[in-house]
Amino acid sequence: MSGRVRDFILLVQNNIELLTEISKLDNYSISHQNLFSLTTHLYSNLTDIQVTNKIDTLCETKPFPILDFHESDDEFTLASRVGDLILWLSNNLHLASHRIILAIIEDMSAAIEAVGNILNSTEINLYLLKKHMATLRRSNTRLSECASENLFSIGTQIQEFKEELIDYETKQVKARFLLDEYLDPMRDIIDPEGPMVSTIENAEQKLLQIESSITINKEIRDESKRIVQELLRNKKNTREVHWNALSQLQPILAPYTRPPSDLVKGASRALSDINKHGSKSIKLWKHFKLVRSTGPSFLLGEDQIQSWFQRIRDIQKEDIRVNISTEINTEYRENIPILSETNRLKLSMPISDLLEFILDNFPSHTLTECSSAAIDILVQFGSFESVHLGELQTYSRENQVLEAAEIAIK
Amino acid sequence: MQLNEQITQAIWELLRGKHIDLDHRHFSIIKENEEVFIQHVNALGYQFLSSDLGFYYLQRDGKKEETQTSSRFCCLFFVTVQRLDEIKDTDEPLDLNYLLNRKGFDLEALLNFNQLDDTLKRMFRDVELTSNEKIGEVLNKMSTMHFTEKLENGNWRFRRPIARLVDTALKYADMEEEE
Numbered sequence: 001m002s003g004r005v006r007d008f009i010l011l012v013q014n015n016i017e018l019l020t021e022i023s024k025l026d027n028y029s030i031s032h033q034n035l036f037s038l039t040t041h042l043y044s045n046l047t048d049i050q051v052t053n054k055i056d057t058l059c060e061t062k063p064f065p066i067l068d069f070h071e072s073d074d075e076f077t078l079a080s081r082v083g084d085l086i087l088w089l090s091n092n093l094h095l096a097s098h099r100i101i102l103a104i105i106e107d108m109s110a111a112i113e114a115v116g117n118i119l120n121s122t123e124i125n126l127y128l129l130k131k132h133m134a135t136l137r138r139s140n141t142r143l144s145e146c147a148s149e150n151l152f153s154i155g156t157q158i159q160e161f162k163e164e165l166i167d168y169e170t171k172q173v174k175a176r177f178l179l180d181e182y183l184d185p186m187r188d189i190i191d192p193e194g195p196m197v198s199t200i201e202n203a204e205q206k207l208l209q210i211e212s213s214i215t216i217n218k219e220i221r222d223e224s225k226r227i228v229q230e231l232l233r234n235k236k237n238t239r240e241v242h243w244n245a246l247s248q249l250q251p252i253l254a255p256y257t258r259p260p261s262d263l264v265k266g267a268s269r270a271l272s273d274i275n276k277h278g279s280k281s282i283k284l285w286k287h288f289k290l291v292r293s294t295g296p297s298f299l300l301g302e303d304q305i306q307s308w309f310q311r312i313r314d315i316q317k318e319d320i321r322v323n324i325s326t327e328i329n330t331e332y333r334e335n336i337p338i339l340s341e342t343n344r345l346k347l348s349m350p351i352s353d354l355l356e357f358i359l360d361n362f363p364s365h366t367l368t369e370c371s372s373a374a375i376d377i378l379v380q381f382g383s384f385e386s387v388h389l390g391e392l393q394t395y396s397r398e399n400q401v402l403e404a405a406e407i408a409i410k
Numbered sequence: 001m002q003l004n005e006q007i008t009q010a011i012w013e014l015l016r017g018k019h020i021d022l023d024h025r026h027f028s029i030i031k032e033n034e035e036v037f038i039q040h041v042n043a044l045g046y047q048f049l050s051s052d053l054g055f056y057y058l059q060r061d062g063k064k065e066e067t068q069t070s071s072r073f074c075c076l077f078f079v080t081v082q083r084l085d086e087i088k089d090t091d092e093p094l095d096l097n098y099l100l101n102r103k104g105f106d107l108e109a110l111l112n113f114n115q116l117d118d119t120l121k122r123m124f125r126d127v128e129l130t131s132n133e134k135i136g137e138v139l140n141k142m143s144t145m146h147f148t149e150k151l152e153n154g155n156w157r158f159r160r161p162i163a164r165l166v167d168t169a170l171k172y173a174d175m176e177e178e179e
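Chains as they are written, first to last, in the working numbering: chain S, 1 to 410; chain H, 1 to 179.
Keep in mind the hints are simulated off the structure, nothing from the lab. What you are looking at is a predicted structure, and each value in this text was computed from that prediction instead of being measured. Keep in mind that the hints are not guaranteed to be accurate.
[What the hints assert, rightly or not] Have a look at the derived ranges for each label pair, beta carbon to beta carbon:
no.	chain 1	residue 1	chain 2	residue 2	range
1	H	Gly45	S	Lys410	44 to 50 Å
2	H	Glu137	S	Asn53	49 to 55 Å
3	S	Asn335	H	Asn132	50 to 56 Å
4	H	Ile87	S	Asp84	30 to 36 Å
5	H	Lys103	S	Asp180	45 to 51 Å
6	H	Arg122	S	Asp7	23 to 29 Å
[Unchecked claim] Pairs of lysine-lysine residues, derived as DSS-like cross-links and limited to a Cα-Cα distance of at most 30 Å, are as follows:
no.	chain 1	residue 1	chain 2	residue 2
7	S	Lys276	H	Lys121
8	H	Lys141	S	Lys54
9	H	Lys31	S	Lys289
10	S	Lys62	H	Lys31
11	H	Lys88	S	Lys171
12	S	Lys62	H	Lys141
13	H	Lys88	H	Lys31
14	H	Lys31	S	Lys131
15	S	Lys283	H	Lys121
16	H	Lys134	S	Lys276
17	H	Lys31	S	Lys162
18	S	Lys171	H	Lys31
19	S	Lys289	H	Lys103
20	H	Lys88	S	Lys218
21	S	Lys131	H	Lys103
22	H	Lys121	S	Lys218
Glycine included, C-beta positions come from ideal geometry on N, C-alpha and C.
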């Protein structure tokens, strides 16, 4: 559990009476004046300044303020998550808290002490002895009821805690409350060296003393024997129930109460930031840059990348020296216009050699460009009955040479 | 500048955003020709990065589509870590080693949209992950980039490049410490 969550829980615990009172109000809202009066009433030892400081502290908690002040209404609102949590603890958690069990044990202890005093006195007051034995028996019955009720409630709580779809931080807070308020103190109470076991053992001793005392009448001695048996049975049951609860609840609560690894801490912090500000504003991508070469956002298209690879391969094949002298005339050449050339061809008919015709008209184009254009013009011309293929001719331009049949158009 | 078919393929994979780790068939060719790779990817405007944990990847200033994908990956990863921490029943710390477990994790069940609490659902919605299908798409995308791998038993295994997302989470942990 992070320090921030721990501090938060501590603050809730320290102000639980005040927060419980606010959680009972409509919409968890309370006016400024009423809050001040309520705080003064609940914490009567505080001065006015200390009360104001207490309220201010509750308004400045992290990860979120426990109390939110609305200036327009002059009202404070309890954070709904805290309000819900307190209601859950007070209304739904039907566990008999360690305080109740401890109070029962204290009652038993007082009764045993009184019994001891009576037994040590010179004259045994049977009326008082019976009265204290009855108290002991009653307390024992209450302890037994608490144990069986807790057995049921703890089972329900385990199931609810496991299935509840609530956020991680709230689960951490609930887990910490369950541990602090119920499980840890309960473990101390039922410990073999704890107050419950020692009180019952002490009671057993005193009751055995009554049982073996011939100066006390049989009815009381028999009653004493019955109480011893009940106490021993109850000690066993109460311990079993709570040990079972501890062993079942603790592994479920553990993930929320053990110290988190740095990774868990970081992920939790990041999620909290996303929750508060949204993923766009915290710019996650700045911390985790990705590249994907496909799709519209890619710097270069698939074709460009392919031709880039092709270019690299070509460079590897032949060592081309590129002259970048400014004296070289790198005149811009347009593509051969197929449509207008086809029209010109029609006007110039008959043509004895189509390729020769194009080469004459486009002296700055390469042989490859002219021969491609010749084929395109032929296709565009369309009237193939006018086309006549002649003998093989050799055409050349610069260092390119092409041997092809002469094409005449008549 | 040597550029054989294997190098070309490896560059292609990196350009497609894949992370090439020790288990990948192109790992050794990259390791032996790091200089060649650096020259080529730099020429295309990318940074060539290698991790000590044994994987290579590219980086450049994100475009819109990439920033969305990045946010989705981060969000899904952070939620996964939190959910794994909730179900973890050992004392082993949840760190990179824990994530790299070769048996993998049942992420589809763990991240089942309908089973998430409202807060986690809201975070998923923030990055437009509004259904199990969309979550599945992101897991698949992570798989194509070699962050994860789907095993035959249906579990998802994290691969070494997931260390990048772990580092991102650790940055947030540092921020918390600083505060």
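Status of each hint after checking the structure:
no.: 1; hint: Gly45/H - Lys410/S: 44 to 50 Å; verdict: 57 Å, violated
no.: 2; hint: Glu137/H - Asn53/S: 49 to 55 Å; verdict: 52 Å, holds
no.: 3; hint: Asn335/S - Asn132/H: 50 to 56 Å; verdict: 54 Å, holds
no.: 4; hint: Ile87/H - Asp84/S: 30 to 36 Å; verdict: 24 Å, violated
no.: 5; hint: Lys103/H - Asp180/S: 45 to 51 Å; verdict: 36 Å, violated
no.: 6; hint: Arg122/H - Asp7/S: 23 to 29 Å; verdict: 25 Å, holds
no.: 7; hint: Lys276/S - Lys121/H; verdict: 14 Å, holds
no.: 8; hint: Lys141/H - Lys54/S; verdict: 51 Å, violated
no.: 9; hint: Lys31/H - Lys289/S; verdict: 22 Å, holds
no.: 10; hint: Lys62/S - Lys31/H; verdict: 48 Å, violated
no.: 11; hint: Lys88/H - Lys171/S; verdict: 15 Å, holds
no.: 12; hint: Lys62/S - Lys141/H; verdict: 36 Å, violated
no.: 13; hint: Lys88/H - Lys31/H; verdict: 37 Å, violated
no.: 14; hint: Lys31/H - Lys131/S; verdict: 89 Å, violated
no.: 15; hint: Lys283/S - Lys121/H; verdict: 19 Å, holds
no.: 16; hint: Lys134/H - Lys276/S; verdict: 23 Å, holds
no.: 17; hint: Lys31/H - Lys162/S; verdict: 48 Å, violated
no.: 18; hint: Lys171/S - Lys31/H; verdict: 47 Å, violated
no.: 19; hint: Lys289/S - Lys103/H; verdict: 28 Å, holds
no.: 20; hint: Lys88/H - Lys218/S; verdict: 60 Å, violated
no.: 21; hint: Lys131/S - Lys103/H; verdict: 66 Å, violated
no.: 22; hint: Lys121/H - Lys218/S; verdict: 70 Å, violated
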